[in-house]
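Asker: Residues per chain, in single letters:
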Amino acid sequence: MGKQLLLENINTPGIDTMAGYRAQGGYSSLQKALKMKPEEIVEEVKKSGLRGRGGAGFPTGMKWSFIAKPEGVPRHLVCNADESEPGTFKDRFLMQHKPHILIEGMIISSFALGCNTSYIYIRGELLYVYHILEKAIAEAYEAGFLGKNIMGSGFDLDLYVQPGGGAYICGEETALIESLEGKRGNPRIKPPFPAVAGVWGRPTVVNNVETISATVPIINMGGDEYAKIGVGKSTGTKLISACGHINKPGVYEIEMGVPVEEFIYSEQYCGGIRNGKKLKAVVAGGSSVPILPADLILKTAKGEPRLMTYESLSDGGFQTGTMLGSGGFIVMDETTSVVKNLWNFTRFYHHESCGQCSPCREGTGWMEKVLHRIVEGHGKQTDVDLLWDIQSKIDGKTICPLGDAASWPVASAIRHFRAEFEEYIKNPQNIKDEKHYYNLRNQKAPVA
Amino acid sequence: MPKVTIDGKEIEVPKGTTILQAARMLGPDVAPPAMCYYSKLSKSGGYCRTCIVRVTKMNSQNPNPMPKPVASCRTEVMDGMEVVNYTSEQVLTDRKGVVEFLLINHPLDCPVCDQAGECHLQDLGYENGSEKTRYDFERRTYDMIDIGKNIKLHMNRCILCYRCVNTCEQLTDGRVHGVLNRGDVAEISTFIEKAIDNEFSGNVIDVCPVGALTDRTFRFKSRVWFTKPVDAHRDCKKCSGKVRLWFKGAEVLRVTARKDQWGEVEDWICNECRFDKKNVSDWELEGPSRISHHSVISQGHYELAKLKLDTGRQLKNLKEGKQKSTAKK
Amino acid sequence: MSKREIKFSDETLALIQRIIRRYPEGKQKSALLPCLHLAQMEFGGWLAPETMDYVASILKIKPIEVYEVASFYSMFNLKPVGKCVIEVCRTGPCWLLGAEDLVRHIEKKLNITVGETTADGMFTLKTVECLAACGNAPVIQVGETYHEDMTCEKTDDMLSAYRNRNEVVTHWDKKHVKAQ
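Protein chains in written order, with my numbering: chain Z, 1 to 448; chain G, 1001 to 1329; chain B, 2001 to 2180.
The hints are simulated quantities; they were obtained by calculation from the structure and are not laboratory data. The beta carbon of each residue, even a glycine, is placed where N, CA and C say it ideally should be. Please note that the accuracy of each hint is not assured.
In silico EDC-like cross-links for lysine to aspartate or glutamate, where the CA-CA straight-line distance does not exceed 20 Å [unchecked claim]:
#1 K2079/B x D2120/B
#2 K1278/G x D1267/G
#3 K1221/G x E1076/G
#4 K37/Z x E134/Z
#5 K2079/B x D1276/G
#6 K2178/B x E181/Z
#7 K2174/B x E334/Z
#8 K1096/G x D389/Z
#9 K2060/B x E181/Z
#10 K32/Z x E71/Z
#11 K190/Z x E1076/G
#12 K2027/B x E181/Z
#13 K369/Z x E1076/G
#14 K183/Z x E1169/G
#15 K2109/B x D2157/B
#16 K1228/G x E1199/G
#17 K2178/B x E2042/B
#18 K1068/G x D156/Z
#19 K2175/B x D2157/B
#20 K1043/G x E1264/G
#21 K2178/B x D404/Z
#22 K135/Z x D158/Z
#23 K135/Z x E2167/B
#24 K37/Z x E304/Z
#25 K2062/B x E1272/G
#26 K426/Z x E376/Z
#27 K248/Z x E2148/B
#28 K1096/G x E142/Z
#29 K1132/G x D385/Z
Pairwise CB distance ranges, derived in the manner of DEER restraints [to be verified]:
#30 K69/Z x N1064/G: 47 to 57 Å
#31 N1064/G x S28/Z: 37 to 47 Å
#32 E2050/B x N149/Z: 52 to 62 Å
#33 T1093/G x R2165/B: 56 to 66 Å
#34 E1266/G x V196/Z: 33 to 43 Å
#35 K2060/B x N149/Z: 32 to 42 Å
#36 M1144/G x G2026/B: 37 to 47 Å
#37 D2053/B x N1064/G: 15 to 25 Å
#38 D2156/B x R418/Z: 51 to 61 Å
#39 M151/Z x E2153/B: 51 to 61 Å
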């Protein structure tokens, strides 16, 4: 097991309380940060090479430096805790068991950005975690880490939690901002970007839970030291939420650069495939990223071992590679039907499309219907090409990345498993797994 | 002032101009189609994606192309920007994809739709669509909702352009409507119903690019191409009173706002002018209307409007290696 | 529906006032999502049009603004539901590990299909999208509680426990209003 910067002591009883967290050295990073200048903190984060842990992997320090600072206009830091990407549950795990690391990170980051009111937007399904955070925030106020003149530094910060209402799209930063304003989670058309006009039209930075929490060890150990962990531009540690057909599902903190093979088979991590089965495919970074068959996830097309880094996982582009994404690592064994799994994913995107722009609104539903027909045994051989064509017409044509996220799984499944689609369509009766997946969309409900 | 080149034609435009606005300044040979953007409404555009173009050069400092197609109605030009629209096979293919998406759940009930003949989706489908649909599933349907005696709502035909939402929001005080549900079952109906008392609500008929909102007082009276448009005006306390009357013989079947060459309303008109003034004696006639280039109404009736070349032909020209735009006058 | 007066309890009203103060002056609309959760908690687990109108009056916004938001988010029930809404995750990893079997099992056990409520008004069965608990798939959410690593047997136990408690269970649990 490598360095545990975020999950350290996560199993220690009481770590979710102020006293327990401080007993393990909690809030020491904040004390250090408040003695620094805000720009020095931004500099440390830049040096650390920290990249957005929500999925896009954009350098955090650079994102921070984009925030507009007009005179007299308040700025806001909003934490994106709308963790909804299928296969991803790292943020929930961290917030539930170690809420204070996020709060400490929020205070440090808010100080660095010059924000005096910050929000944590958590998905509505996680209301029980919402209450955990509320309690932790109350403790932080009591300890003088929030409120006026924090620890005599002259810095004021109010921190609030905001619950969502059940919409995957609110993980997109501008949809999240809309939702925080009490509106429908429709992504905004950019520009303007949130750094210029975000929540209530004010400059806003939106960062993932893990990203913000990572500022705590970064300030503690220094950016340079943090950057020493990992490989190349993938620095530091990353939380990976492993699930699917593995022996030991759960959240693991890895040092960037662990070989994928080691991650799947080592006892330290996933512990191999369940029930002695063989590995068939992996979706390495949440349902949106391209699925890769066993051979390509373990080794790149060039034959080099694939590592858990931004660069190595995307080696080969979408032809033979994938993405680190959010760290939602879904493992599928040899009994899995890629076709059915794809239908499940596509149904998800259809359900979650906000409906603003036409390619996503219409295209996701069309893909789901075609896949449903195939799964039900009524597919046509031309359906595979049709699916390919539909996804290519969604990809890159939409307002927000949900369109891309819906099309990549389709493209990659066809790219790597075309024969399986064709076989399924030809001989649906041969598909041993006779389960018929329930298909109910209970979202259309009359209002009045 | 920034200079932008679209399909090889350069133009200097005020700062803040979008690609679409610049293209319209260059003329219909260059301007992309728009189904949701409406220059008279703020915050419109960006949703339908039919106006997508490709930026082949970002600006004079940055010669790189933009990686994805952009909605021209929402992208501001930069100095030195180069854009391709009708000269790019890629853009035409992209747009064809968008048009297909707009059509898969559209009922294609043009034979019984009052909008036929002045429908922007018809034009778009004619210029960018396929002859056959690849969509063989049941089309989406909504329950019919009665929204009053003047306006007929066919939600099945709606392409969710949000124009009517913006119209009601921007022409009335306080917001009374929006969009319900999400994804491909989103709908506008319930809200329109509540906005209908407003004196300017009839304008939603004119802004609707399809037959989702039509004039109930004109319902099934005539195909639009059998009626003759005449510009007329009257003294109206509520609006400019400048309208277009649609005659069949000596009878006024319909009153609409006047529309410009992009199919957009010139002046909003009030419901009284639109629905209650159907006698010729109510109006001072000005003369036959100029009908926009794309309309079948102009066919054989008035002037031979300059028809935009259909995309199929442009695509063919491109494939045969011919130079762009062979538009004949 | 009975014509009883729709009014939040004093405790909840006080909580809403505290929540409104979290946003800048005039931006009280931001409190809409928390308010809708609280409304579901107080008014039987769903949002009737009158309930939404009431929330609009409290936040001083148009009823329409509430409808469009409530109909966008999947957690808000716009039709009456049973005392306990059983929400089974149906996405990706939960599906890989047998969520489908759980749904079939519950359907048979309660003699309802997804989206329906039992005749006694005790349970409503709903399928939901990824609950961010894929490591303990399959997962069922009831109110604020996640029931993880579910099997058909565990589901039976869970159902009888809720039946014995015989209380309205909502996402925002009442105990948290008192605690704050």
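Asker: Hint by hint, note whether the structure agrees.
Answerer: Now for the hints, and whether the structure bears them out:
no.: 1; hint: K2079/B x D2120/B; verdict: 16 Å, holds
no.: 2; hint: K1278/G x D1267/G; verdict: 19 Å, holds
no.: 3; hint: K1221/G x E1076/G; verdict: 43 Å, violated
no.: 4; hint: K37/Z x E134/Z; verdict: 28 Å, violated
no.: 5; hint: K2079/B x D1276/G; verdict: 41 Å, violated
no.: 6; hint: K2178/B x E181/Z; verdict: 26 Å, violated
no.: 7; hint: K2174/B x E334/Z; verdict: 46 Å, violated
no.: 8; hint: K1096/G x D389/Z; verdict: 12 Å, holds
no.: 9; hint: K2060/B x E181/Z; verdict: 14 Å, holds
no.: 10; hint: K32/Z x E71/Z; verdict: 28 Å, violated
no.: 11; hint: K190/Z x E1076/G; verdict: 11 Å, holds
no.: 12; hint: K2027/B x E181/Z; verdict: 7 Å, holds
no.: 13; hint: K369/Z x E1076/G; verdict: 37 Å, violated
no.: 14; hint: K183/Z x E1169/G; verdict: 16 Å, holds
no.: 15; hint: K2109/B x D2157/B; verdict: 12 Å, holds
no.: 16; hint: K1228/G x E1199/G; verdict: 26 Å, violated
no.: 17; hint: K2178/B x E2042/B; verdict: 13 Å, holds
no.: 18; hint: K1068/G x D156/Z; verdict: 42 Å, violated
no.: 19; hint: K2175/B x D2157/B; verdict: 24 Å, violated
no.: 20; hint: K1043/G x E1264/G; verdict: 15 Å, holds
no.: 21; hint: K2178/B x D404/Z; verdict: 44 Å, violated
no.: 22; hint: K135/Z x D158/Z; verdict: 14 Å, holds
no.: 23; hint: K135/Z x E2167/B; verdict: 25 Å, violated
no.: 24; hint: K37/Z x E304/Z; verdict: 44 Å, violated
no.: 25; hint: K2062/B x E1272/G; verdict: 27 Å, violated
no.: 26; hint: K426/Z x E376/Z; verdict: 12 Å, holds
no.: 27; hint: K248/Z x E2148/B; verdict: 15 Å, holds
no.: 28; hint: K1096/G x E142/Z; verdict: 60 Å, violated
no.: 29; hint: K1132/G x D385/Z; verdict: 17 Å, holds
no.: 30; hint: K69/Z x N1064/G: 47 to 57 Å; verdict: 28 Å, violated
no.: 31; hint: N1064/G x S28/Z: 37 to 47 Å; verdict: 45 Å, holds
no.: 32; hint: E2050/B x N149/Z: 52 to 62 Å; verdict: 46 Å, violated
no.: 33; hint: T1093/G x R2165/B: 56 to 66 Å; verdict: 59 Å, holds
no.: 34; hint: E1266/G x V196/Z: 33 to 43 Å; verdict: 34 Å, holds
no.: 35; hint: K2060/B x N149/Z: 32 to 42 Å; verdict: 33 Å, holds
no.: 36; hint: M1144/G x G2026/B: 37 to 47 Å; verdict: 40 Å, holds
no.: 37; hint: D2053/B x N1064/G: 15 to 25 Å; verdict: 52 Å, violated
no.: 38; hint: D2156/B x R418/Z: 51 to 61 Å; verdict: 42 Å, violated
no.: 39; hint: M151/Z x E2153/B: 51 to 61 Å; verdict: 52 Å, holds
The structure shown violates the earlier hints numbered 3, 4, 5, 6, 7, 10, 13, 16, 18, 19, 21, 23, 24, 25, 28, 30, 32, 37, 38.
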